[in-house]
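Protein sequences appear in the order of chains A and B.
Sequential numbering from 1 applies to the first sequence in my numbering.
Sequential numbering from 264 applies to the second sequence in my numbering.
The set of hints was computed from the structure by calculation and includes no laboratory data.
Note that this is a predicted model, so its numbers are computed, not measured.
From the three backbone atoms N, C-alpha and C, an ideal C-beta is built for every residue, glycine too.
Keep in mind that a hint or two might mislead.
Per label pair, the in silico range of CB-to-CB distance [said to hold, decoys possible]:
no., chain 1, residue 1, chain 2, residue 2, range
1, A, V187, B, S427, 46 to 54 Å
2, A, G17, B, K431, 53 to 61 Å
3, A, T115, B, Y278, 32 to 40 Å
4, B, T607, A, G183, 52 to 60 Å
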Amino acid sequence: MLEAYPHNRLARIVLWGFAALVMAFLMLPTLVVVPLSFSASNLLEFPPHAYSLRWYENFFGSATWMAALRTSLILGTLTALIAVPFALLGCISMNRLGGKTAAAIQSVLLTPSITPGILLAIGLFFVLAAQRLVGTLFGVLVGHVVLAVPVACIVLLPALARFDWNQVQAARSLGANWARAIGGIIVPQLQISLLSATLMAFLTSLDESVISIFVASGRNSTMPKLMFVSLRDQIDPTIAAISTLWTAIVVVVVLIVAFRQKS
Amino acid sequence: MKSLPITIDGVSKAYGTYVALDDVSLDIQAGEFLTLLGPSGSGKTTLLMALAGFVRPDSGKLLLGDRDITRLAPNKRDIGIVFQNYALFPHMNVLANVAYPLALRKTPRAEARQRALATLARVKLDGLAERNVAALSGGQRQRVALARAIVFEPRVMLMDEPLSALDKNLRETMQYEIRRLHDDLGITTIYVTHDQREALIMSDRIAVMNSGRIQQIDTPQRIYDRPSTRFVAEFMGEANIVAPGSVRRIDGAEASRETLMIRAESFHLDTKLVGGDGVALEGILRAKAFRGENWLLTLALDGGQEVLVCIPAALAGGCAELAAGQRMTAYAPAAKVHAIPGATA
Chain A
1 MLEAYPHNRL ARIVLWGFAA LVMAFLMLPT LVVVPLSFSA SNLLEFPPHA YSLRWYENFF
61 GSATWMAALR TSLILGTLTA LIAVPFALLG CISMNRLGGK TAAAIQSVLL TPSITPGILL
121 AIGLFFVLAA QRLVGTLFGV LVGHVVLAVP VACIVLLPAL ARFDWNQVQA ARSLGANWAR
181 AIGGIIVPQL QISLLSATLM AFLTSLDESV ISIFVASGRN STMPKLMFVS LRDQIDPTIA
241 AISTLWTAIV VVVVLIVAFR QKS
Chain B
264 MKSLPITIDG VSKAYGTYVA LDDVSLDIQA GEFLTLLGPS GSGKTTLLMA LAGFVRPDSG
324 KLLLGDRDIT RLAPNKRDIG IVFQNYALFP HMNVLANVAY PLALRKTPRA EARQRALATL
384 ARVKLDGLAE RNVAALSGGQ RQRVALARAI VFEPRVMLMD EPLSALDKNL RETMQYEIRR
444 LHDDLGITTI YVTHDQREAL IMSDRIAVMN SGRIQQIDTP QRIYDRPSTR FVAEFMGEAN
504 IVAPGSVRRI DGAEASRETL MIRAESFHLD TKLVGGDGVA LEGILRAKAF RGENWLLTLA
564 LDGGQEVLVC IPAALAGGCA ELAAGQRMTA YAPAAKVHAI PGATA
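Construct the entire structure; sequences and hints are all you get.
So, in structure tokens, the structure goes:
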């Protein structure tokens, strides 16, 4: 867009100004918690009168929060480890089958990303309840994998569409079965897309709150669930400290993805 | 290396209503170099992919030796394939590409390396083993693809328009090299191309395909001189399909009553160069063009049909003086006049 008006300074200034406004609108609500988290006060106040790290100490000193952090990290890792290989195989089959079969697979795999989260959570709750799996890590994991698969697919599908499938045929003709062709030819060349898909799947799980609220409980509460509950029950700046840390983690992951994709 | 014959027995394949292969049967002898020649969409690549195992025929059988491979997985067929775009693995260097089929067969590392290097030498790529695939020229990539397809000593080799991406000079060099490699290895080879010259130069036999059927299978010379259908005649070169009435015998005897095929370069302008059993075509010169090694004359016969007459520059003394609109006669020897039963001009 800027290249189209290389000499029009006014247009450039207006465009940059507008972009800055949009950025501010999107980011300020997120960033406002950062100073709050360093407040010395017991209340959420902005701007803070004095600064301290006490809410960070509070967070890292709390067994409940630490358990939730552990649960979230385990869930995120397992979700990525299950969803990405599943999505890769799904995308390969969609790419190879083509036509109506591929469209059918795609609609099944991608439906969770457009279904309202609350419906998915209620449905999952009843299914898990029938299996007596409500409140287990496994139950939440199922929900998170279902949500992470479409995310991973959206990253992997275009990468596979660009892939030179003659290479797979060549590998097959040279004696490779499907597993070896995928492991030796496709995976090494899709490293960057697979890393992106893994991080996105991890983030999907890390960020997910609705299913966690319905299905997770007790020891298996996730961070977002605990944040939601503590926000409802007691408001103190611990939540701001956690939000700040959480935002930092997400930003780091997204930056890794972005830079890996560039290089 | 023991090569095997291939039997293609009544193979059909349809995609919806589009018939890619229509009851194709073909026997290829052990060690033969056979070319599948045809325009795009003629089914030649589909047939090749069926042999490779990437297309499953709707009906019919494929035999390698006496083994039925119709439903065998591609990785169990032991067939070397050279793809049109080479399909080299960009994440491996040249040596790793060539050693890949050996690694899959659990060949010890040292032996695999030595065999891959020997095969690279065979395709004249010595010294490039550690090179990155992306750093190679088109011709070099072609040679790597070739080396990778023969290093594991397959008993059959399939080549899908392997030279179509190369420029003309390199293509001609590679035609001779591929043929020589075939002769050295004695490996049964099926070669797909749409270039009739390439097919004529390289093949023991040519199978001309059109709309999913084999039109004719024969030696290059017979395919060129004795085409069995109008399609084959016209696909192989500048062919004139002439109605029986437009032709008279030079000695006055009764001419053939069948539709005739006469190649443009079979004509002479001097009746002395053609025997009495040859034929004469009379008409008006419509156009003439100098093409370097020959002249191309367009002759309008009395029936209105246009005939292409190609006269080698060395024999075309009078061509420069011919003027459009002038009446003239072209002669062809009997040996070069071929009847195509059932065809119409």
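Enumerated hints in conflict with the structure, sorted upward: 1
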